[in-house]
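According to the working numbering, the stretch in the sequence shown is residues 1 to 217, in order.
No lab work stands behind these hints, which were simulated from the structure alone. As the structure is a computational prediction, the values presented were derived from the model and not from experiment. By construction, the Cβ of each residue, glycine as well, lies at the ideal position given by its N, Cα and C atoms. A few of these clues could be false.
Within a straight-line C-alpha distance of at most 27 Å, the following computed DSS-like cross-link-like pairs (lysine-lysine) qualify [as the list claims (entries may be wrong)]: (1) K196 - K98; (2) K142 - K75; (3) K119 - K56; (4) K196 - K138; (5) K142 - K103; (6) K103 - K75; (7) K98 - K161.
Label-pair restraints from in silico Cβ distances [as the list claims (entries may be wrong)]: (8) L163 - N49: 16 to 24 Å; (9) N55 - G140: 33 to 41 Å; (10) I51 - K161: 40 to 48 Å; (11) T143 - Y171: 43 to 51 Å; (12) F200 - K98: 41 to 49 Å; (13) F76 - Y179: 30 to 38 Å; (14) S52 - L117: 38 to 46 Å.
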Amino acid sequence: MNNQIININRLSRITFQIALFISLTFISHSVSVAQFAIIAGGNYSNVRNNISLENKEPILRYNFGFSLQYYPFSKFPNLSILNELDFNQKGYQQDFEKYYSFKFNYLSLPILVNYPLSKQISIQTGIELSELISTNIKQGLKTYNNFDLGLVFGINYFEGKRLSCFTRFTYGLFPMLDYYNIDEQGNFKNEIHDLKNVCFSIGIKFNLFNEKIFLYK
């Protein structure tokens with residue numbers, strides 16, 4: 001099982017690196033015609049689990065990164081795409097007379113479609129690819145899966161302003177742990193894929209360059 005997990009992690013890391021390379025290549029070619037911003041905020045994070053985790057509670061962490069917003073086609077002037085490069089800290093905690101925190105630091109690549117409902121509010125949806133880069137758990141990078149994929153739903157407030165804010169919910173699709181259930185005789189019963197990230201984020205976005213330019217006319 002360990003070799004299988006290692007192979008999956010290697011494949012996931014290669015997939016993430018390819019996605020990162022493609023995103024950075026596209027960003028380098030489009031940065032002169034896109035809205036570039038700095039983002040920062042907090043994460044209210046937890047995990048979904050199949051096997052019971054006693055006294056499991058959410059944990060408050062943080063996020064920060066860079067955002068690139070561009071308008072692919074002038075025929076669809078209200079539609080924009082967001083590419084981000086974020087540092088996301090997620091996890092959970094357990095209360096056993098004192099709190100024990102389990103923190104997972106991810107480098108994330110959200111790819112979102114943004115559509116304004118009004119001059120003040122827009123909705124966003126898409127995916128978030130994440131690579132686990134560190135954790136406070138001993139041997140955590142060898143134990144937990146390094147790659148995560150999540151569905152993202154969000155709202156941006158004060159759309160088009162120099163300073164705006166956002167709320168975002170990320171629903172992790174990939175398990176963080178793969179292991180076997182072992183019976184009392186030591187026999188492997190079935191493989192278990194458990195612990196999936198869920199995260200509610202809130203933050204601010206500061207547009208360094210706020211001009212709306214179409215990539216393709």
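Each hint tested on the structure:
no. : hint                    : verdict
1   : K196 - K98              : 24 Å, holds
2   : K142 - K75              : 48 Å, violated
3   : K119 - K56              : 40 Å, violated
4   : K196 - K138             : 19 Å, holds
5   : K142 - K103             : 15 Å, holds
6   : K103 - K75              : 44 Å, violated
7   : K98 - K161              : 43 Å, violated
8   : L163 - N49: 16 to 24 Å  : 38 Å, violated
9   : N55 - G140: 33 to 41 Å  : 20 Å, violated
10  : I51 - K161: 40 to 48 Å  : 45 Å, holds
11  : T143 - Y171: 43 to 51 Å : 23 Å, violated
12  : F200 - K98: 41 to 49 Å  : 25 Å, violated
13  : F76 - Y179: 30 to 38 Å  : 46 Å, violated
14  : S52 - L117: 38 to 46 Å  : 41 Å, holds
Comparing the model with each earlier hint shows violations of hints 2, 3, 6, 7, 8, 9, 11, 12, 13; every other hint is respected.
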